[in-house]
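Enquirer: I would like the entire structure built from these sequences, with the hints used as guidance.
For the sequence shown, full-length UniProt numbering assigns the number 1 to the initial residue and increments by one for each residue that follows.
No lab work stands behind these hints, which were simulated from the structure alone.
Do not rely on the hints blindly, as some may be mistaken.
What the hints assert, rightly or not - Here are the simulated lysine-lysine pairs, BS3-like style, with alpha carbons at most 30 Å apart:
no., residue 1, residue 2
1, Lys208, Lys270
2, Lys81, Lys238
3, Lys289, Lys270
4, Lys57, Lys208
5, Lys231, Lys273
6, Lys263, Lys320
Said to hold, decoys possible - Derived Cβ-Cβ restraints for the label pairs, each shown as a range:
no., residue 1, residue 2, range
7, Glu63, Lys208, 35 to 43 Å
8, Lys81, Ser244, 55 to 63 Å
9, Gly258, Gly35, 53 to 61 Å
10, His37, Glu228, 52 to 60 Å
11, Ser312, Val9, 42 to 50 Å
12, Thr300, Arg251, 30 to 38 Å
All values derive from a computational prediction rather than experimental measurement.
Ideal placement from N, C-alpha and C gives every residue a C-beta, glycine not left out.
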Amino acid sequence: MHPVYPNDVVELNITCRIDNAWLSEFGENLRDAFGTHVNIQDNTMELPPEAGQGIIKHFHIQEGITLIYLAFTPALNLLLKKVPTEAPDYYTIGYDVSPAGHQFVVGGELSRLDYLRKYSAYFRTSDAPIEVLLPASEPVQIVTLMISGQRVGTLFPQELRHVLKPRNKSTHGFFQVNEEIHESILDIGENLHNNSADYFFVRGSVNKLLALSLPIIAGQQQSRQKPEVEKLVALVEKLTADYSLTAPMLRDAARMTGVSPSKFKTIFRKIYKTSYYQYLLQHKMEKAKELLRDEQQTITSVAYMLGYSSCSHFTRLFRKSFSLSPQEYKNQLRSMA
1 MHPVYPNDVV ELNITCRIDN AWLSEFGENL RDAFGTHVNI QDNTMELPPE AGQGIIKHFH
61 IQEGITLIYL AFTPALNLLL KKVPTEAPDY YTIGYDVSPA GHQFVVGGEL SRLDYLRKYS
121 AYFRTSDAPI EVLLPASEPV QIVTLMISGQ RVGTLFPQEL RHVLKPRNKS THGFFQVNEE
181 IHESILDIGE NLHNNSADYF FVRGSVNKLL ALSLPIIAGQ QQSRQKPEVE KLVALVEKLT
241 ADYSLTAPML RDAARMTGVS PSKFKTIFRK IYKTSYYQYL LQHKMEKAKE LLRDEQQTIT
301 SVAYMLGYSS CSHFTRLFRK SFSLSPQEYK NQLRSMA
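Expert: If you want it as structure tokens, here you go:
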């Protein structure tokens with residue numbers, strides 16, 4: 001599954017680097033895209049008015065750890081794409097505490113839709129590509145930590161290193177930002193907004209952030225290595241990649257995964273924080289909204305594309321999810337155009 005991007009989106013390709021050259025490279029991308037001067041001073045970039053209003057900071061925390069702070073409001077739709085790289089080896093953790101939230105595509109996997117309504121985070125190895133759409137006029141606040149592979153090895157005991165940094169295999173995923181992590185990010189943002197930032201305080205907050213986040217990531221990666229979990233995730237990815245497929249009944253899905261229905265429900269809720277049926281329905285309805293934005297698509301055609309043989313059944317589910325019918329949603333889009 002992949003989000004539908006607006007036609008007027010401005011695409012910016014980024015090659016992440018741990019050294020301070022990252023900011024100047026991104027500045028060059030902005031100059032090429034908008035043909036305008038970009039002001040960079042003291043590891044801080046001011047966005048040109050053509051791109052938006054706000055700042056981007058690149059801060060060296062300690063050996064092998066770098067922080068990137070995005071705090072701006074885009075003037076138009078921006079698509080940030082970080083291309084995969086094999087060298088230097090590094091690990092990225094990104095925290096999105098923007099008011100509206102964003103959908104990230106990491107390693108070809110789309111972040112869960114419920115993350116749009118809550119603060120979320122992603123992690124990835126350097127060989128997993130990532131992209132995110134930053135809609136016009138919606139404030140952005142994202143903190144990204146880049147950690148060298150060697151530094152990951154010193155942060156964790158031996159038994160967890162292969163989980164965070166698997167050999168010859170990319171890894172990526174998402175997790176929810178809890179209250180403690182959120183507070184640490186806000187502390188970092190508040191200090192980095194000041195020109196006379198207390199960098200010692202920022203370093204302490206980053207170390208706390210890592211201490212809170214890395215065990216969550218390690219635990220998630222360890223659980224995904226279990227055969228039944230891998231089968232479950234593969235099934236869900238298959239069903240959310242092709243919406244014309246009929247989702248198997250829960251007992252059949254459990255059998256395909258190799259576990260009992262009760263264990264399937266427990267594992268599913270632990271990973272996706274909701275039920276099997278609700279998760280698939282939520283994804284289908286969000287996909288329906290994407291398809292309905294296309295004026296060429298009728299409500300009937302969208303229903304059939306999503307595997308519904310009855311248009312009225314599709315309409316009932318859509319109304320239950322969004323408190324308006326597909327036709328009312330289309331009318332709403334036309335009135336906003």
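Enquirer: Just to be sure I understand the hint, the distance between the Cβ atoms of Glu63 and Lys208 should be within 35 to 43 Å; is that true here?
Expert: For Lys208 against Glu63, whose Cβ atoms are near 18 Å apart, the range 35 to 43 Å is violated.
Enquirer: Straight-line Cα separation of Lys289 and Lys270 no greater than 30 Å?
Expert: holds (27 Å)
Enquirer: Please test the hint of 55 to 63 Å on the beta carbon pair from Lys81 and Ser244.
Expert: violated (28 Å)
Enquirer: Lys81 and Lys238 were given as a pair; does the straight-line alpha-carbon distance stay at or below 30 Å?
Expert: holds (24 Å)
Enquirer: Is it true that Thr300 and Arg251 lie within 30 to 38 Å of each other by Cβ?
Expert: Because 32 Å falls inside the window, the suggested range holds.
Enquirer: For a C-alpha distance cap of 30 Å, please report whether Lys263 and Lys320 respect it.
Expert: Holds - the C-alpha atoms of Lys320 and Lys263 are around 28 Å apart, at most 30 Å.
Enquirer: Is the straight-line distance between the alpha-carbon of Lys208 and that of Lys270 30 Å or less?
Expert: Between Lys208 and Lys270 the Cα gap is close to 25 Å, so the pair holds against 30 Å.
Enquirer: Is 52 to 60 Å respected by the C-beta to C-beta distance linking His37 and Glu228?
Expert: Between His37 and Glu228, where Cβ atoms are some 56 Å apart, the hint holds.
Enquirer: Falls inside 53 to 61 Å, the C-beta gap from Gly258 to Gly35?
Expert: Holds: the Cβ-Cβ distance is about 57 Å, inside 53 to 61 Å.
Enquirer: Could you grab the alpha-carbon distance between Lys57 and Lys208 and see if it respects the 30 Å cut-off?
Expert: holds (20 Å)
Enquirer: Does the Cβ-Cβ separation between Ser312 and Val9 fall within 42 to 50 Å?
Expert: At 35 Å between Cβs, range violated.
Enquirer: Does Lys273 lie within 30 Å of Lys231 when you go C-alpha to C-alpha?
Expert: holds (18 Å)
When the structure is compared with the earlier hints, violations turn up for hints 7, 8 and 11 and for no others.
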